[in-house]
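**Q** Chain by chain, the residues:
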Amino acid sequence: MLNGFDLQVVINALPYLFMTGMAFTLTLTAFATLAGIAFGTLLAMMRLSRHRALAYMAAGYVNLLRSLPLVLVIFWFYFLVPYLAQWAMGASRPVRVDPFWSSVITFTLFEACYFCEIIRAGIQSLPKGQLLASQALGMHGGQSMLYVVLPQALRNMLPLMLTQTIILFQDTSLVYVLSITDFLGATAKVAQRDGRLLEMYIFAALVYFVISLLASHAARRLQRRVAIIR
Amino acid sequence: MITLRDVCKAYGQFQVLSHCSTHVAKGEVVVVCGPSGSGKSTLIKTVNGLEPVNAGEIIIDGVSVTARGTNLSTLRARVGMVFQHFELFPHLSIIQNLMLAQVKVLKRTRPQAHKKGMALLDRVGLVAQAHKFPGQLSGGQQQRVAIARALAMDPVALLFDEPTSALDPEMINEVLDVMIELAREGMTMMVVTHEMGFARKVANRVIFMDRGEIVEDAEKNAFFDQPRSERAQQFLSKILVH
Numbered sequence: 001m002l003n004g005f006d007l008q009v010v011i012n013a014l015p016y017l018f019m020t021g022m023a024f025t026l027t028l029t030a031f032a033t034l035a036g037i038a039f040g041t042l043l044a045m046m047r048l049s050r051h052r053a054l055a056y057m058a059a060g061y062v063n064l065l066r067s068l069p070l071v072l073v074i075f076w077f078y079f080l081v082p083y084l085a086q087w088a089m090g091a092s093r094p095v096r097v098d099p100f101w102s103s104v105i106t107f108t109l110f111e112a113c114y115f116c117e118i119i120r121a122g123i124q125s126l127p128k129g130q131l132l133a134s135q136a137l138g139m140h141g142g143q144s145m146l147y148v149v150l151p152q153a154l155r156n157m158l159p160l161m162l163t164q165t166i167i168l169f170q171d172t173s174l175v176y177v178l179s180i181t182d183f184l185g186a187t188a189k190v191a192q193r194d195g196r197l198l199e200m201y202i203f204a205a206l207v208y209f210v211i212s213l214l215a216s217h218a219a220r221r222l223q224r225r226v227a228i229i230r
Numbered sequence: 001m002i003t004l005r006d007v008c009k010a011y012g013q014f015q016v017l018s019h020c021s022t023h024v025a026k027g028e029v030v031v032v033c034g035p036s037g038s039g040k041s042t043l044i045k046t047v048n049g050l051e052p053v054n055a056g057e058i059i060i061d062g063v064s065v066t067a068r069g070t071n072l073s074t075l076r077a078r079v080g081m082v083f084q085h086f087e088l089f090p091h092l093s094i095i096q097n098l099m100l101a102q103v104k105v106l107k108r109t110r111p112q113a114h115k116k117g118m119a120l121l122d123r124v125g126l127v128a129q130a131h132k133f134p135g136q137l138s139g140g141q142q143q144r145v146a147i148a149r150a151l152a153m154d155p156v157a158l159l160f161d162e163p164t165s166a167l168d169p170e171m172i173n174e175v176l177d178v179m180i181e182l183a184r185e186g187m188t189m190m191v192v193t194h195e196m197g198f199a200r201k202v203a204n205r206v207i208f209m210d211r212g213e214i215v216e217d218a219e220k221n222a223f224f225d226q227p228r229s230e231r232a233q234q235f236l237s238k239i240l241v242h
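Sequence order for the protein chains is A and B.
Per UniProt numbering, the first sequence starts with residue 1, numbered consecutively.
Per UniProt numbering, the second sequence starts with residue 1, numbered consecutively.
Keep in mind the hints are simulated off the structure, nothing from the lab.
Certain hints may be false.
To be verified - Dumping the calculated SDA-like pairs for lysine to any residue here, alpha-carbon to alpha-carbon at most 25 Å:
1) Lys128(A) x Val127(B)
2) Lys128(A) x Met196(B)
3) Lys107(B) x Gly142(A)
4) Lys128(A) x Leu92(B)
5) Lys128(A) x Leu146(A)
6) Lys45(B) x Thr109(B)
7) Lys107(B) x His140(A)
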């Protein structure tokens, strides 16, 4: 297997790898990031809320999901949700869940916990005087949050958010356990079909490496552009 | 204008304010001084409800701060506050700092808010800095912007919480000059400060606090010339040595 590195195998597979595999991976990453940040912000607001019940609910959820391996959550969601949906909707047979949306929901629920903690830390790291100053100007809670706290907190937490997104991009490869054709899944299929494990897996590693490297480089540039002048 | 009656506040067992009562009339300038930890900063933050109190009553311009059901946001919009560490919003330019609450809280149009903001910047001598960010200004300039930001709301009174304590010595006067001018124009002001020169020049009354109590509340000259309490005498002798 190690003699005769066959680049042609990789080249032949390129359209399939990118149009099918990488398209899935990137769409999943984008959906899960956006929905994860939205849900994560909600969780963070709950955790910081004055209402104890809300804070405990959010904390319980975050701590539970952060204590479970991602693969387990993927399995759990994919295999159990059809039965839950059946029970909830009173259907006669398990409800089929589309693998893409199943993945989007799983990753959203899971990543929201990490985004929640990033956002919470970003908000808490802001000097308390900023909140007092906005209140002293007559802003109510929502206005202070929207115009004073979040714009600063989001800038401060941007590096961590982008790092987390890059991790998410890599983590999406775990959907291959559901035989979904993401980028790694597509690579694995070609590798098995053509018996070219070495070429295909080296190529897959290279692609993940290059994309992650470029993304973190872009993240640094973006961060410099939005940084607060001090 | 501002009335405090029997205001008490405690953190657990520690009594921060005990039975503080005073009154600031319209157009009056009252300086609050005292050793650190005496509760003067806490006292001034209770006036616009930034610090909740355990007991007592605070009334500003006929509106109770301490009554349940008072809309604190509406009330705070009418009382300006200037902080020790300026607390300008670092992500907004200077002019945006002056416009934000005018637009969002007072619902002025952006052109109106901009005009008002520029006029006030002119007044504190900082028009040229309008489009810079707070981080690009010196401490003294930032504090002058903070005063302009408070004035943009057309406040009925201004509260100052140690406005010059975080400044380098050479910048203190530029801030005090703005405050002195405001006082001369008849602005009602309550000022926590160690600047006794400022107190001598423009204060009507001086309140001396120690250990959460208002120990002395006297006319300026009476306070400086013949403080009644021993604690005030000691404080003055320490602070006026130089």
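**Q** Work down the list of hints and note, for each, if the structure agrees.
**A** Here's how the hints hold up against the structure:
With a C-alpha separation of about 29 Å, the suggested pairing of lysine 128(A) with valine 127(B) is violated against the 25 Å cut-off. Annotation: proposed proximity of lysine 128(A) to methionine 196(B) is violated, straight-line Cα distance about 29 Å (limit 25 Å). Distance hint between lysine 107(B) and glycine 142(A) is fulfilled; the C-alpha atoms sit about 16 Å from each other, no more than 25 Å. This hinted pair checks out: lysine 128(A) and leucine 92(B) have alpha carbons roughly 17 Å apart, not beyond 25 Å.
Annotation: proposed proximity of lysine 128(A) to leucine 146(A) holds, straight-line Cα distance about 15 Å (limit 25 Å). A hinted pair counts as satisfied when its Cα atoms are at most 25 Å apart, and lysine 45(B) with threonine 109(B) does not qualify at roughly 30 Å. With a C-alpha separation of about 14 Å, the suggested pairing of lysine 107(B) with histidine 140(A) holds against the 25 Å cut-off.
The structure fails to meet hints 1, 2 and 6 from the earlier list, while all remaining hints are met.
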